[in-house]
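K.L.:
Residues per chain are reported as follows:
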Amino acid sequence: MRNDAAAHPPSRFASSLGAAIKSAVLAGLVAFGLFSLMIGFYTDRGPTGGLIVTERFESLTIIVAVVAAGAFLRTLLLGDRQISFGPGLSPGWQLRLKRFGGLVAPLLLGFACLVPVIFYDNRYLLDLSILILTYVMLGWGLNIVVGLAGLLDLGYVAFYAVGAYSYALLAQNFGLSFWICLPLAGILAAFWGILLGFPVLRLRGDYLAIVTLAFGEIIRLVLLNWQDFTGGPNGISGIPRPSFFGLPFTADEDGFAATFGLEFSPTHRLVFLFYLILALALLTSWVTRRLRRLPVGRAWEALREDEIACRALGINTTNVKLSAFATGAMFGGFAGSFFATRQGFISPESFTFSESAMILAIVVLGGMGSQIGVAIAAIVMLGGFELFREFEQYRMIVFGAAMVAIMIWRPRGIVTAREPSVTLQGRPAAIVADTVQDTAA
Amino acid sequence: MEYFLQQLINGIALGSIYGLIAIGYTMVYGIIGMINFAHGDIYMVGAYIALISFLVLMSIGLTAIPVALLIVLLIAMGVTALYGWTVERLAYRPLRHSYRLAPLISAIGMSILLQNFVQVAQGARVKPLPPLIEGNYTLLSSDSFNVQLSNVQIIIVLTTIVLMTVFSWIIAKTRLGRDMRACEQDLGMASLLGVDVNRTISLTFVIGAALAAVAGVMYLLYYGVADFFIGFVAGIKAFTAAVLGGIGSLPGAMLGGLLIGLIETFWSAYFSIEYKDVAAFSILIVVLIFLPTGILGRPEVEKV
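Chains D and X supply the protein sequences, listed in that same order.
Residue numbering for the first sequence follows my numbering, starting at 1 and increasing by one per position.
Residue numbering for the second sequence follows my numbering, starting at 1001 and increasing by one per position.
Calculated from the structure, these hints are not laboratory results.
Some clues are possibly wrong.
Below 20 Å or equal to it, Euclidean Cα-Cα: the simulated SDA-like pairs (lysine to any residue) are [what the hints assert, rightly or not]:
no. : chain 1 : residue 1 : chain 2 : residue 2
1   : X       : K1276     : D       : L73
2   : X       : K1276     : D       : V222
3   : X       : K1276     : D       : K22
4   : X       : K1276     : X       : W1085
5   : D       : K22       : D       : S59
6   : X       : K1276     : D       : E349
7   : D       : K22       : X       : I1060
8   : X       : K1276     : D       : N225
9   : X       : K1276     : D       : Q227
10  : X       : K1276     : D       : R74
11  : D       : K22       : X       : L1090
12  : X       : K1276     : D       : F353
13  : X       : K1173     : X       : L1139
14  : X       : K1173     : D       : F353
15  : X       : K1276     : D       : G232
16  : X       : K1276     : D       : L221
17  : D       : K22       : X       : V1197
18  : D       : K22       : X       : L1082
19  : X       : K1173     : X       : V1162
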């Protein structure tokens, strides 16, 4: 589509109109080719059980027309220019965003703390916010691996599963309480992280991604097939609920409500769960922020930027990667045991690849390395999923398309936070601007 | 012995399908160094296109099965190739100069998109198809077990051999093949010497998708069902095959495909069918750790 608009300024509109029509026809043809069979016909079981085919030419026409119109408008309005928001924002905007972010984070935190007070009577919203916080925590955990250390982990859900099953099995077989199982689940998940990470972490980025995906699937398949130990596809039910330092949330005399002289209400448990996951998530965030200031955290970020340079500087890359992997896995394990105690029931169904993809999408969309970005992405994504519940079928399509679009337009995520943890005193702005530029762009 | 021979035949037929998919992975990786995560779903789309076009042909009265199947194969290859082209154009080309993991993440998004698009467009239920090619030969027979070679298996293996021959010829003798080999060695240098890099990469995706579509048609003939989820597992296994054979190497992809098919079949036959996917995934991990260049691959030098 090389139009000669520049050579003939007077006919600019006419030529861009011509180009637009041409691109509309082309896009329409491609769309027709793509969708004529897939959307133009629908296959379903007929009355005799065999497949029959019915036509849906109206939908086909509409979709082809929409694609053609989209291509027409795009060429007419933008010409050959690519829509691009650039690799990063200008230093001025970065500073403004940083101030804004500094304002948003405490506000968001304050709001989060008040959610159970404001929405005390709204069970549905409480449940939703617990779910969102679980994903925020998972996102922050994965953020250590993907955002800080730059290792793409497609099997993060495996550690979530390890945490959930550790709690469920320990609690059921040995009667251990949630508060003993929680650290144990984290340790076990971290242990698995090291076990799985040790042999594979010397692989290059994309190989590592596929291997972690394979690990995630292996763990799920083992959980699914090892019937005697994990209950197989039926999962484990009747997992003990958490107690308030030994006080169960029941209507009994020694329950939480009776001890504090309150009227029994099932909401107490929800509120407790809410604050529990909020505390766990904040713990993740706090530990991550502290670690970023330690040598190991610095090494993670250095590793993300340039692995070869790291090796040249004498950093043991395997150990550094392993520590990131294990730390991320540990928080996944914590979140897993929280999930198990909240649900009371777990099965391999909950730990499929799409769950990993979801957590990864939250990290990627939020901006790798940015905690506030991850939190916002989790809220937007899960909130969006709830809002468009009726369009359940379509939301995953939008979700996939959003991942592609973000990679094209804002490859470092919506809120990019590649500001270095330390800067030289005196000229921080210049250094920020230098470092933020994409090396590969 | 008879049982072993039967499993060998089944394994070769299954391995041919994996090999055809693996070629798409290995070509794309060889040229632009990315894992085309959506390739498994392209294969699934191929199976669906074949299914739908077959039903449409039946409904307009073309009931001669061999003719119909040939047309179905051509339609599936053509339409799926268009899918491959579109995916590359929309999701990968804008990211060619981005950081290394960006195309992979975009490909994961594309994979989710394709899977759910097919689910929405054609429904989530499994699509069964009556067996189209029947008949088989009994090769060996003992009192308890007959070794059988079905016509479908013969067709799968023959088609694979023919396609591999044609494909090797394209790579070795034609202008396009030369361009592809040049791009594989050095993308920048190839473009300086007048190779149209964008076109070559597009055609790589087109060929890979067309071969995946053939694999999809073969799967449909072999198993007689299609659902929107077949692409995920088959994709990982075919990627394993590509890595096992040595990523970037075309004979390697075919060899790897056969090996994975055989390993999976023998594992199911002699150990446990539940853990056959675990076996395939474990091979991927073991190969990447101990033999990262694969059987026929060249060692890769990391450049600064």
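K.L.:
Now tell me, hint by hint, if it's right for this structure.
P.N.:
Right, here's what the structure says about each hint:
1. K1276(X) <-> L73(D): violated, 50 Å
2. K1276(X) <-> V222(D): holds, 11 Å
3. K1276(X) <-> K22(D): violated, 51 Å
4. K1276(X) <-> W1085(X): violated, 33 Å
5. K22(D) <-> S59(D): violated, 23 Å
6. K1276(X) <-> E349(D): holds, 19 Å
7. K22(D) <-> I1060(X): The hint is violated at about 33 Å.
8. K1276(X) <-> N225(D): Holds, because 11 Å separates the two Cα atoms, which is no more than 20 Å.
9. K1276(X) <-> Q227(D): holds, 16 Å
10. K1276(X) <-> R74(D): violated, 48 Å
11. K22(D) <-> L1090(X): Since the Cα atoms of K22(D) and L1090(X) sit roughly 18 Å apart, the hinted pair holds (cutoff 20 Å).
12. K1276(X) <-> F353(D): Holds: K1276(X) and F353(D) sit about 18 Å apart, inside 20 Å.
13. K1173(X) <-> L1139(X): violated, 39 Å
14. K1173(X) <-> F353(D): Given pair K1173(X), F353(D) is violated - Cα atoms ~42 Å apart, limit 20 Å.
15. K1276(X) <-> G232(D): holds, 16 Å
16. K1276(X) <-> L221(D): The hint holds at about 10 Å.
17. K22(D) <-> V1197(X): Violated. K22(D) to V1197(X) sits at ~24 Å, over the 20 Å cutoff.
18. K22(D) <-> L1082(X): holds, 19 Å
19. K1173(X) <-> V1162(X): holds, 16 Å
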